[in-house]
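Q: Got chain R; can you put chain V on it based on the hints?
As given, the protein sequences belong to chains R and V, one line each in that order. Position one of the first sequence corresponds to residue 1 (the working numbering), numbered consecutively onward. Position one of the second sequence corresponds to residue 1 (the working numbering), numbered consecutively onward.
Note that these hints are calculated values from the structure, not bench results. Quantities reported herein were computed from a predicted structural model and do not represent experimental measurements. Note that the Cβ used here is the ideal one computed from N, Cα and C, for glycine as well. Hints may contain errors.
[As the list claims (entries may be wrong)] Each computed BS3-like pair below joins lysine-lysine, with the alpha-carbon atoms no more than 30 Å apart: (1) K236(V) <-> K314(R); (2) K236(V) <-> K236(R); (3) K236(R) <-> K314(V).
[Stated by the list, open to error] Pulled from the structure, derived: some chain V residues nowhere near chain R, Cβ distances all over 12 Å: (4) Q6; (5) F15; (6) V57; (7) V107; (8) L137; (9) S166; (10) R186; (11) D250; (12) E275; (13) A384; (14) A408; (15) R409; (16) A453.
[Said to hold, decoys possible] Covered by chain V, per the in silico footprint, the following chain R stretches (three or more residues, Cβ under 8 Å): (17) 193-200; (18) 214-228; (19) 275-282; (20) 294-300; (21) 323-331; (22) 348-356; (23) 396-407.
The residues making up each chain are set out below.
Number of protein chains: 2
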Amino acid sequence: MSDIAQYVHRHRSRFIDELSQFLRIPSISTDPEHRRDVLQCAGYVAGALRRLGMQRVEVFSTPGHPLVYGEWLEAPERPTALVYGHYDVQPADPLVLWDTPPFEPSVRDGQLYARGAADDKGQVFMHWKAIEALWQLHGRLPLNLKFIFEGEEEIGSRHFDPFLASHANLLAADVAIVSDTAMFARGYPSICYGLRGLAYFQVTVFGPSHDLHSGSFGGGIANPALVLAQLLASLKDEHNRIAIAGFYDDVVLPTAEERRQIASLPFAEEAAARELGVPALSGEEGYCFLEQVWLRPSVDVNGIWGGFTGPGSKTIIPSQATAKVSLRLVPNQDPNRIADRFEQHLQAACPQGARLQIERMEAARAVVVPRDNAFVRAAARAVAQGFGKEPVFIRSGGTIGAAASISARLGIPIVMFGIGLPDAQTHAPNEHLDLDNLFRGIVSVAHMWEELATIGKA
Amino acid sequence: MSDIAQYVHRHRSRFIDELSQFLRIPSISTDPEHRRDVLQCAGYVAGALRRLGMQRVEVFSTPGHPLVYGEWLEAPERPTALVYGHYDVQPADPLVLWDTPPFEPSVRDGQLYARGAADDKGQVFMHWKAIEALWQLHGRLPLNLKFIFEGEEEIGSRHFDPFLASHANLLAADVAIVSDTAMFARGYPSICYGLRGLAYFQVTVFGPSHDLHSGSFGGGIANPALVLAQLLASLKDEHNRIAIAGFYDDVVLPTAEERRQIASLPFAEEAAARELGVPALSGEEGYCFLEQVWLRPSVDVNGIWGGFTGPGSKTIIPSQATAKVSLRLVPNQDPNRIADRFEQHLQAACPQGARLQIERMEAARAVVVPRDNAFVRAAARAVAQGFGKEPVFIRSGGTIGAAASISARLGIPIVMFGIGLPDAQTHAPNEHLDLDNLFRGIVSVAHMWEELATIGKA
Chain R
1 MSDIAQYVHR
11 HRSRFIDELS
21 QFLRIPSIST
31 DPEHRRDVLQ
41 CAGYVAGALR
51 RLGMQRVEVF
61 STPGHPLVYG
71 EWLEAPERPT
81 ALVYGHYDVQ
91 PADPLVLWDT
101 PPFEPSVRDG
111 QLYARGAADD
121 KGQVFMHWKA
131 IEALWQLHGR
141 LPLNLKFIFE
151 GEEEIGSRHF
161 DPFLASHANL
171 LAADVAIVSD
181 TAMFARGYPS
191 ICYGLRGLAY
201 FQVTVFGPSH
211 DLHSGSFGGG
221 IANPALVLAQ
231 LLASLKDEHN
241 RIAIAGFYDD
251 VVLPTAEERR
261 QIASLPFAEE
271 AAARELGVPA
281 LSGEEGYCFL
291 EQVWLRPSVD
301 VNGIWGGFTG
311 PGSKTIIPSQ
321 ATAKVSLRLV
331 PNQDPNRIAD
341 RFEQHLQAAC
351 PQGARLQIER
361 MEAARAVVVP
371 RDNAFVRAAA
381 RAVAQGFGKE
391 PVFIRSGGTI
401 GAAASISARL
411 GIPIVMFGIG
421 LPDAQTHAPN
431 EHLDLDNLFR
441 GIVSVAHMWE
451 ELATIGKA
Chain V
1 MSDIAQYVHR
11 HRSRFIDELS
21 QFLRIPSIST
31 DPEHRRDVLQ
41 CAGYVAGALR
51 RLGMQRVEVF
61 STPGHPLVYG
71 EWLEAPERPT
81 ALVYGHYDVQ
91 PADPLVLWDT
101 PPFEPSVRDG
111 QLYARGAADD
121 KGQVFMHWKA
131 IEALWQLHGR
141 LPLNLKFIFE
151 GEEEIGSRHF
161 DPFLASHANL
171 LAADVAIVSD
181 TAMFARGYPS
191 ICYGLRGLAY
201 FQVTVFGPSH
211 DLHSGSFGGG
221 IANPALVLAQ
231 LLASLKDEHN
241 RIAIAGFYDD
251 VVLPTAEERR
261 QIASLPFAEE
271 AAARELGVPA
281 LSGEEGYCFL
291 EQVWLRPSVD
301 VNGIWGGFTG
311 PGSKTIIPSQ
321 ATAKVSLRLV
331 PNQDPNRIAD
341 RFEQHLQAAC
351 PQGARLQIER
361 MEAARAVVVP
371 RDNAFVRAAA
381 RAVAQGFGKE
391 PVFIRSGGTI
401 GAAASISARL
411 GIPIVMFGIG
421 LPDAQTHAPN
431 EHLDLDNLFR
441 GIVSVAHMWE
451 ELATIGKA
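Okay, chain R solo, but in the shape it has when bound (with noise of 0.2 Å):
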């Protein structure tokens, strides 16, 4: 057992209350009655980097919410490491499924019970934990750190772009670090190495000004939920390819390599579809399921709404009718340019009788950092050494719009580290986190900066 280890084996149960501590506030960041619970939990992230011996730590005021900096620059001969994650939770509702109180953190059969002990606070603890570690045991740190700590992810993490154009300077550093996506499964460590893009939009088709008798009109002007229907059905073909025109041109396509990869990882469709309560997974044609989430686009509609809704029925042809559609990017898919083709399919495809609105909501690209990259390949033997295993090499379907962000304002590479599991209950009620896992993280990430460290400056 490595020094680190042994340090935190030592320290678990105090790890444990203190991560409690950090659990407690109740940072809900959608919920205005709990704006000053975000601010504390501001002020306790500020606070906690201080005691790590940052030598400078800042709160950055928003808009919305803040951003907490801290920074550690003494070792002029190494290179900078960029840590992200997030201090703020979802809601906890609905309440009455929690088994024990979101906020008063609970440990059962080593699984620390708590809103946000996965997502994030759990994991950016692992990181100061790491640090302690690393000056208790060693005196110093390996490399110079910043940490940039969000609390508007769950929020979409709206200011952190315009922030980050701003700050370039002070946030520049050689690789980053993003803990916030989940293990492949328990027993697997992972490294994720790709997250896909997203370009979000709110259609609107208009019809007549007013709800009208679909007996007195039916058939004589067009229904504008039918017509939203015709045009959601638009973007799919019968191989389950999106069918607007140029959609995949720069779309880059995974290597033989890359699929022989994913195909090695252990992952049973019927049993993920019974899971589920599908009857069966469903994607494009030629592709398994890992490969459709995580190297493929996909458009999905999140929310459809429009005319009578109540119970009985109701012989109208509603005025209008409204959908949110998203669709999910891979490199090297541009959001603004795909939103474009996106307008001009739908434009195109809107029959004379009614008029479309399209609402651009949100946009990020797709981030991969190659499996080869020297950071990565580094991160990756400390992942080794923490858990006493090699790690797997995944992606992940969803989008970080902070790593999106520093991906395309820093420009460089990105090594995403997570230690939640997938049925972390992550934005759901009994939200947990392995401790084990916690525990062998902390030491991974101590491990982590030392192996960075030896990596040359940019």
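A: Below, chain V without anything else, positioned relative to chain R:
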């Protein structure tokens, strides 16, 4: 001026007072709080029939609101006419949009404003006053009469068809008169000779057992809202024809003569589009608007919902999505066979990765009465006398469940004669009835009894 026209002219202010009494009863059938008002209104109708000299008047209770029946059968050599109308009304909200209170009738510019003025109390009242005029002027009625007035027309006539099935002898007649349709336009007295039928469904697509993260699963499982859109879109082809196999098999095509007659009616499509607030009318290729809504079947999405419908963005795959879908039918489409085809079509189109549930709600056959039917021609002569102008023959795109039941159960021709204008604001604030049309309608109906009496019994 005929003696009947003179009688109506002489008594018109009393008629307005009496109709206003009827209109003051807020017989809103859909609202449980108005249940006693509906009951009181049924009693009012029964009292009116007794005062008109009906020999037998009966209030039949149903599991919902009562039916009121009245008969006068003292003309043994003459045919029997069955008169249908309804005494229930639509809700009056939003109240703030009424210029005068909905249940305090008020005359302005020759229009009587009140909820139910046109739909349908004014048209029921028209029949009563025609009887009164005939008694007063001639001391007798020219034919046998049966009245059946319903209290559930505005909530789907659920108990009318079962009542008809169990009281076919009671309601047996040679011809039915239904006054619940509108005039083609101001100055165009109208006989309606056709109604469309209806098949109404609720369609739900089920996917995963709970909402899923669209990043982690998007592209790998079927999205219920998108599948629903695909299913709805599959119901129509690019010519705006319904794409269900066999859907048109039993459709009776319009004759050249009927198309010529419809083309002769004054209808400005561009002006109609402007008035409705749509960029253009839009319907099945090869037919004009009036043909589309009168003669051709149609499909409409009456409502649709699923997933996230709040402000902002939420990246989920909804676990389910639902739509209300109605088909308007024409002769000789059978609603049950059409419903079978509809279900088969959607089930066949539903992808493996989702489950589909279809609930059948309402169903009614189309009704068409040959324009050369002797009763219809007799009625047209009467309307010409009442309005001093030949009536136009029109159809309606709507469905009157009671008319479909009468046609199917009793197998008799139906004369549909209504005096409401298309802009009478039925079902909307400021509903009103043109009093001139009411008075001409009373005269028309009195003449109608005389004209119908000349036709032999079946």
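Q: Look at each hint and say if it fits the structure.
A: Here is how each hint holds up against the structure:
1. K236(V) <-> K314(R): holds, 21 Å
2. K236(V) <-> K236(R): This hinted pair holds, its Cα atoms lying about 17 Å apart.
3. K236(R) <-> K314(V): holds, 21 Å
4. Q6: Its Cβ never comes within 12 Å of chain R, the nearest being 36 Å, so this holds.
5. F15: Label holds. Min Cβ-Cβ 29 Å, cutoff 12 Å.
6. V57: Consistent with the label, V57(V) stays out of reach of chain R, its closest Cβ about 32 Å off (over 12 Å).
7. V107: The claim stands: V107(V) keeps its Cβ more than 12 Å from every Cβ of chain R (closest is about 27 Å).
8. L137: holds, 37 Å
9. S166: Fine: 24 Å to the nearest Cβ keeps S166(V) off the interface.
10. R186: R186(V) is indeed farther than 12 Å from all Cβ atoms of chain R, at 17 Å.
11. D250: Per Cβ check, D250(V) is outside 12 Å of chain R; nearest 17 Å; holds.
12. E275: Violated, because the least Cβ-Cβ distance between E275(V) and chain R comes to about 9 Å, which does not exceed 12 Å.
13. A384: holds, 26 Å
14. A408: holds, 18 Å
15. R409: Nearest chain R Cβ is 21 Å from R409(V), so the label holds.
16. A453: With a cut-off of 12 Å, A453(V) remains clear of chain R, as the shortest Cβ separation is near 33 Å.
17. 193-200: holds (count 3)
18. 214-228: holds (count 13)
19. 275-282: Holds: 7 residues of the segment 275-282 of chain R have a Cβ under 8 Å from chain V.
20. 294-300: holds (count 5)
21. 323-331: holds (count 4)
22. 348-356: Coverage by chain V holds here, the residue count being 5 at a Cβ distance below 8 Å.
23. 396-407: That given contact holds, which follows from 4 residues of the segment 396-407 of chain R lying within Cβ reach (below 8 Å) of chain V.
Of the hints listed earlier, the one the structure fails to meet is number 12.
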